[in-house]
Each structure stands twice: as C-alpha cells, then as structure tokens.
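Chemist: Residues per chain, in single letters:
Number of protein chains: 2
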Amino acid sequence: MALIVQKYGGTSVGDIDRITNVANKVAKTRKNGHDVLVVVSAMRGETNRLLTLANEIDARHSPRELDVLLSTGEQVTIALLAMALQKIGCPARSYTGGQVHILTDSAHTKARIVDIDAARVRQDLADGQVVVVAGFQGIDESGNITTLGRGGSDTTAVALAAALNADECQIYTDVDGVYTTDPRVVPEARRLDLLTYEEMLEMASLGAKVLQLRSVEFASKYNVPVRVLSSFEEGDGTLITVEDEEMERPVISGVAFNRDEAKLTILGVPDRPGIAFNILGPIADENIEVDMIIQNVAEDSTTDFTFTVHRNDYEKALDRLQRIAKELGAREVIGDKRIVKVSIIGVGMRSHAGVASAMFKALSDEGINIQMISTSEIKISVVVDEKYLELSVRALHNEFNLA
Amino acid sequence: MALIVQKYGGTSVGDIDRITNVANKVAKTRKNGHDVLVVVSAMRGETNRLLTLANEIDARHSPRELDVLLSTGEQVTIALLAMALQKIGCPARSYTGGQVHILTDSAHTKARIVDIDAARVRQDLADGQVVVVAGFQGIDESGNITTLGRGGSDTTAVALAAALNADECQIYTDVDGVYTTDPRVVPEARRLDLLTYEEMLEMASLGAKVLQLRSVEFASKYNVPVRVLSSFEEGDGTLITVEDEEMERPVISGVAFNRDEAKLTILGVPDRPGIAFNILGPIADENIEVDMIIQNVAEDSTTDFTFTVHRNDYEKALDRLQRIAKELGAREVIGDKRIVKVSIIGVGMRSHAGVASAMFKALSDEGINIQMISTSEIKISVVVDEKYLELSVRALHNEFNLA
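Taken in order, these protein sequences are the chains called A and B. Everything in the first sequence is counted per my numbering, starting at 1 for the first residue and increasing by one. Everything in the second sequence is counted per my numbering, starting at 1 for the first residue and increasing by one.
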C-alpha cells in the first residue's frame, strides 16, 4: 500500500462528465489498495471567466482581491469532485488551500509555498478518506488568501506529496508523458519512461510545457517522484525522479526548442567592469525577461554583448537598448526576430565527450548556420534562423538515436 | 461619526454595473463621515448555477461539500466589490466568513452563528478601510466551511453589527421598506417609518418576506437597530428597533396575509393527555411544518383538533392524518386547501382594548365568515375562505386607518 498524490488540471475537470471520470480514476487507485490525495485546478474556462469580471470592474485590480476571486475556481472543483467520489461510494473530504494550512509568502498572484501543516490531511487519510485539496492557493501568515500563479496546482501537488512523504506524485494532463521532442515536428518522437529532475527542468524551461517549472524544482529539492500521465488514456506516462547511479542513461534524452525568441546585440561596448549590469539592469527594469546571454572575449577595448528575449518584448527591448547604447557610447545595436533556439538535453552528456561536436556536425551537415551557442552541464543550446527549426530538430533527433 | 453595517442582497449585486452602484453608495456613506462594513450575497443566479452543478453530480450531495461549493458565490462578490471600491479611491479589504471568524455550529446548509471574533475587522476599520465580508457563511470549530441557509446574509450583517456594537445595520433590498400591507392588494398601503422587532417578527413569519426571520431575532436579542432600504431608490426606509416607551404607537402597524396555507381537522378524538403530541408528532416526522394549531374545549369525552400547513404539504398531511385518526379511533378527518390567513399586527394592541372585536366587526360588515382564530400578544390571525383575501385585507387596512 502506497500513498499517492494525484493532480488533475483544468481540462481534466472541465465539465461534470470529466469530473466523474476523475472520480472513477481515483476510486480505481484506492481499489488497488493505495491512499489517495487529489489536487485539482479550476474547471477549464472558469479562471478566465473570473478574470473577465475583475477586468470589467478595474483593469488595475488589487492583487489581494484578485486572489480572493480566483481561488473560488478551485474551491468549486474540490466540492464537486468530493461529491462525485461520495456518489460512487468513496468517502471523501474537500479542503481549500487555507484549510490545510498551505502557508505561503504574501506575494499575491505569485506566492511561494513556505510550509504545510499536513496533520489534518494525515488524519483523514488514516480514517480512510480520499482528501481533495484545491490547487493553486494558500494563505499567508495573516490569513489572507494567496495564489501561486498560473500552473500553481502542480506545485501544490508536489508540495503536499513532499509534506506527506508520498510515494509518488502523479500529474494528470492532456498529454501522456514527456517526449523526446515535439511529435508535431518529428513524428518519430518517443515518450520517455524516465527522466531526471534536471533534465525535466531544462526541458520545461525550453518550452516542453508539461509541468510547471517551479513544481519540478520543488520535487527535486524534496526528492518527490513525479509521474506525468494522461487523464484520458491508459499508460505509465513519464516518471521524473532523481538520477539513479546504477542505471545506464542515454546520452541525450530529448531535443527541445523555442520559437518565441528574438536576439539583440550591442556592438562595441567599452569593456569595463559592471558593463553587463549597465546593459541588463535597465532591461530588467522594463520587466523584460532575458533568456540566453552571451558575451565574447573583448577585442581592442570594446566587446560585443548579445542576449535573447521573448519575441513579444523585442521592440520594447530594442528601443531601450538603443538608449542604453547612446549612454554607454557603444557603436551600434542590431537585432533579429526571426530566430529560434534548439537544445539537446541529457544527464548522460556529462560522461560522454564529443556531444557538442556531434551536435554541431549534424547541423553543419544540413547546411545550418549556428548564430549563438550556450551550454550548461546537461544542455547545449544553439540559436539558428527560424526557417531551420524543423530541419534542426529532426537532424538532432536522428543524430542521437531518439526515435 | 457612526459605524454602519450595510448588507446588499443578490439582486443589488446582480452584475458589474450594480456592484459599481453599491460601491458608490458605500463611498457616499463614508464621505458622510461614517465607518462602513459591507456584507454581500452571491450575485443573483450564482447560487442556483452552483446548485445545478451539484445536482448534476448527485441529487443527494453531501451538505458539507455543498457548503464548500455554495460559499464561493459570496467570495466572488466580496472580491469584486472590494475592487470596485478601490477603483473609486475607497480603501477596502474583503474577507470570507472564515477569515473573520464567524464561528457557527456544524449544521451544514443551515448553521447557526455561535461567536464572532471582530478584532481584525475592528483594526481594519480603525485603519480607514471599508471592510467587505461574505454573507451567508462561516466556519465551525474544526475549520469546516458552513452556510447559514438561504437569506443567511441578513443574519451575518446583524451578527457583525452586534459584535461591533454598530450604530445601525442597513439591509438594502429591492423594496424601499416595510409596508402596512402588500401594495398589490391595497394600493393605499403606506411605508412604515418605524417598527418594533416583535412586530417585524410577526410580519416576517406571516409572509412579508423583507428580512430573514432569524436575523430579526438576532437583532432583537442584541438590540441592533436594523433599517430596511432600497438599493435602487433614495429614501429613509423602515427602521426596526426596540419599543420606545415615550413614543405614541399606532394600535396596528400592518395587515399581513398568507395565501399558501391549508387547514386540516381531526374530529372526535378521544380527549386525553398527550393527544396533541400523538397527532402532531407523526406530522413533524414527515417534515411537514405546522403553522396555526387550534384545539377547542372538549364536549363529551372527545375533542376536535385543527391545524394549518403549507399548501404544498396538504396531500401528504391529509394522508398521514387519516392513518393517525384510525390509530387513535377518531371519528373523521376533514380538510380545506382553499383558505388564507389574514393577520393584524401591532404592539399598540397590548394597551388598547377592543382591537379583536373591531377586527371581527370589520370582517363581519363585509359578510366574511371567520373559520379559525388565533391570537398572540401583538397579533390576531384569522383563517377565511381564499376568495375573501383581498376584501379582508382592504377592510382591515381601512378599519385601522393604515392608509
């Protein structure tokens, strides 16, 4: 007998039929002899309906009040799911985030979980109840309702699994696991059985948006095995867990890509301490998030500095960068919106030499020019012209035998 | 400077425009120098929408889970109203029932308020905030969400006014006060400026359903002045308060009536101790509420026993009563669905002799036969054939100079 935490997202609880379907899945897990705690999101469309109401009143609504409003979405789902479970003879109790003491900081609309007091939940589980908890929400020290931001239900599930020392945290979604790459680009893409937290973190941040990034960090920190599964199809999904020393790992687990990037370069910047901050500080002040950052060694007494931003922020960043260039006495600012980032990810590359050169050769064989390169321990990313996206991904998927 | 509690019902907060209208009314009260706490209901239609969802899952849903579900209705309104107040420059904070510690018993869907810890609310008011509280809901000792039943927001408002020792509790609704009788029956009906708690209790229970009965009991117990006003029109409404010794009261304050009654009589029941319980016990066990009860003095060794029930319960009560009659050896059961109850109410009748005879004469002058009579300290009710309803009410309204 194990303790399983299951999380069902908005699509999985999108209407009464689907909530009934979730109840059946939960009951089946219980029949297999396991204790179950379920975390649910708001019914699909509900959060947007509430946001529209708020915006009709005031586009600059207070974050505290927005949290009071939005947290009702999950509260509706927990009550309905508990009713659906009871109807099929499965004892169940629902709780809001506040009721199970999911204590967060006070950063409304993007709060972070600080602590969970799982005593009450533990008692209910011991009494044979299925416990249904509202995802995405908590309370701060003063008892104010907070929310964890979009996708925060994943984090709720992982945090509860950690607090309860659960055997597995199962994230039910509309895909049946994590793939070697996007099957729409490479039809031979294959579902991965196993992935490490680090690999999943690199995957998620690169656009394979199956799981919320923060929930993976949380899982990694507390060592919670996380399984991504489909709500609508049977299957084992993908298990995300700590790296197993005894396991032979493939060199590369997947090829990720991101279409939404744009690059900006400031040329001929005086090469002196603090220059990176002088450039990126004002960009951050504009609330523009920067992804890749590359600074090459200086020639003469000047250097070139390149970074990528979300494509939607390109014009704003370009405008700001031109003013920065004037202030710093830089030579020129150039940019390109028609780029994509392609990455290979795998913990296996740590123990295998020549992964980078194999990657570069595969791209070169297809005549693809690499514009930027950035590497981490378990990931190599390149920026290429957007017209080469599909070709690059297929070439790399093939090169590392992922099919 | 006074502390005012204002309550706005579902129609008053039925859409975004109306919520904005409520915000303006609250802001106006504040500009007049008063502290304001606002209690709101769910937006009109929302509670029914949620009930439909619950019934789609399971018609016999758990009361605990229903409370989790329904309490979201008011939570949406508090957030939206707080946003609307902030938008017009009025600092505001919203709270659920649980957050302001509206402690109730554990009778889900019909809980009773046990205690309120108003410390947090008091602090916010002292800080210059408008406090917006969700009506209709609380928590029990174990932290479970409870609801007070339909119309419970009135009780929330009165209870908060009592806990805060507020100067007045204003109930905003879609009528502009309490009338001497229903203006649809008597066009000359007049809005009452002043009414005692006792009179309002008799009014409310007789069908002038402006205020929830329990909230008036609460107001009477804690001596909270309650004012009924219109959300949509200006005016002073009706103030409901304790009887003022120095005030000259009219003999009769109003004429109430109830169309929904039916009467049942069991004839020739053995006249012995416990017979009333033997008759009404089984009726109560069927969840049938009994209104008037009349037992006349016995002739021979048998007596006749008459009571009224809601017209919807007539057939069920008749069926049950026939079985009771057989068990008790009574002679016969008769009943009539085509009756109405008409009452005159007024604390003034305590000090005026002859009110009852004036009432009976007025009805007799119109040729109206009285079928049953029941009296209390401040009320006289008669049952008449339903075809005489309008005529009776007009005759009594005229007799006691209420126009």
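Bear in mind the hints are in silico, worked out from the structure with no lab data behind them. As the structure is a computational prediction, the values presented were derived from the model and not from experiment. Errors might be hidden in some of the hints.
List of simulated lysine-lysine pairs, DSS-like, C-alpha gap at most 30 Å [stated by the list, open to error]: (1) A:Lys28 with A:Lys87; (2) B:Lys221 with B:Lys25; (3) B:Lys337 with B:Lys326; (4) A:Lys337 with A:Lys387; (5) B:Lys221 with A:Lys87; (6) A:Lys87 with A:Lys25; (7) B:Lys337 with A:Lys316; (8) B:Lys316 with B:Lys337; (9) A:Lys110 with B:Lys87; (10) B:Lys31 with B:Lys110; (11) B:Lys316 with A:Lys87; (12) A:Lys25 with A:Lys337.
Chemist: Would you mind marking each hint as holding or not holding in the structure?
Modeler: Hint-by-hint comparison with the structure:
1. A:Lys28 with A:Lys87: holds (14 Å)
2. B:Lys221 with B:Lys25: holds (29 Å)
3. B:Lys337 with B:Lys326: holds (22 Å)
4. A:Lys337 with A:Lys387: OK: Lys337 (chain A) and Lys387 (chain A) at ~12 Å, within 30 Å.
5. B:Lys221 with A:Lys87: violated (42 Å)
6. A:Lys87 with A:Lys25: holds (14 Å)
7. B:Lys337 with A:Lys316: violated (76 Å)
8. B:Lys316 with B:Lys337: Holds, at roughly 12 Å.
9. A:Lys110 with B:Lys87: holds (22 Å)
10. B:Lys31 with B:Lys110: violated (37 Å)
11. B:Lys316 with A:Lys87: The hint holds at about 29 Å.
12. A:Lys25 with A:Lys337: violated (45 Å)
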